[in-house]
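Asks: Since the structure of chain P is provided, determine the placement of chain Z on it from the hints.
Just so you know, the sequences run in chain order P and Z.
The letter at position 42 of the first sequence is residue 42 when you use the numbering used here, and the numbering goes up by one with no holes.
In short: position in the second sequence from 1, add 1000, done, that's the numbering used here.
Take these hints with a grain of salt, some might be off.
Distance condition first, Cα-Cα at most 30 Å in a straight line; then the derived DSSO-like pairs of lysine-lysine [to be verified]: (1) P:Lys41 x Z:Lys1106; (2) P:Lys18 x P:Lys53; (3) Z:Lys1106 x P:Lys40; (4) P:Lys101 x Z:Lys1106; (5) P:Lys101 x Z:Lys1070.
Derived by calculation from the structure, the hints in this document are not laboratory data.
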Amino acid sequence: DTEVTQTPKHLVMGMTNKKSLKCEQHMGHRAMYWYKQKAKKPPELMFVYSYEKLSINESVPSRFSPECPNSSLLNLHLHALQPEDSALYLCASSSGLINEKLFFGSGTQLSVL
Amino acid sequence: AQKITQTQPGMFVQEKEAVTLDCTYDTSDQSYGLFWYKQPSSGEMIFLIYQGSYDEQNATEGRYSLNFQKARKSANLVISASQLGDSAMYFCAMRGQAGTALIFGKGTTLSVSS
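If we strip away everything but chain P, and leave its shape as in the complex, we get (with noise of 0.2 Å):
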């Protein structure tokens, strides 16, 4: 199984709601990401997971609350988001070597009301 599954696939909120982004992968990769990438623009890396600890933090706001439960799951809790966040949210997978690519899944695309 070479997927990174995602979902939802599509999320409307509101600026006072609470909701999570879910990612799975069973390749046993030791390194997930969450990446935010708008429109037209590439993407930018939010938060690095290496070995279930959180390694990286892209001075992303606390309104973005990363979580990894285990080593096949990444999540990421969105709270009191503005329209501004509006974007598609991608996580990706790799083992964490120089020379392997990361796997991406197919991201969800949320829109902040």
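Replies: Below, chain Z alone, put in the same frame as chain P:
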């Protein structure tokens, strides 16, 4: 700090023609990896090709080849015999010595016409 530069916002090519997408990079790491990804309008990121900094041969994957010029710090993607399905955004990306996340260039939109 690492940086990836893609200077072509858009490229237009006809079917069956070859096209080169430019990518330059900057890093102080001795060991690094360079990647190209394709992103169609559907949004998924599709891995195309990889080149390691110590690889002496240019990487090739089917119709894709990477023209790696280390001294010039360039890693251009060459697509031979373009197809309509090649129309997409193409991102050059780098992974440094720490081997953690990919850093992406701004991307090039490729449009292939019949």
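Asks: Each of the hints needs a verdict: does it hold here or not?
Replies: Against the structure, the hints:
| no. | hint | verdict |
| --- | --- | --- |
| 1 | P:Lys41 x Z:Lys1106 | holds, 6 Å |
| 2 | P:Lys18 x P:Lys53 | holds, 23 Å |
| 3 | Z:Lys1106 x P:Lys40 | holds, 9 Å |
| 4 | P:Lys101 x Z:Lys1106 | holds, 19 Å |
| 5 | P:Lys101 x Z:Lys1070 | holds, 20 Å |
In summary, this structure violates none of the numbered hints.
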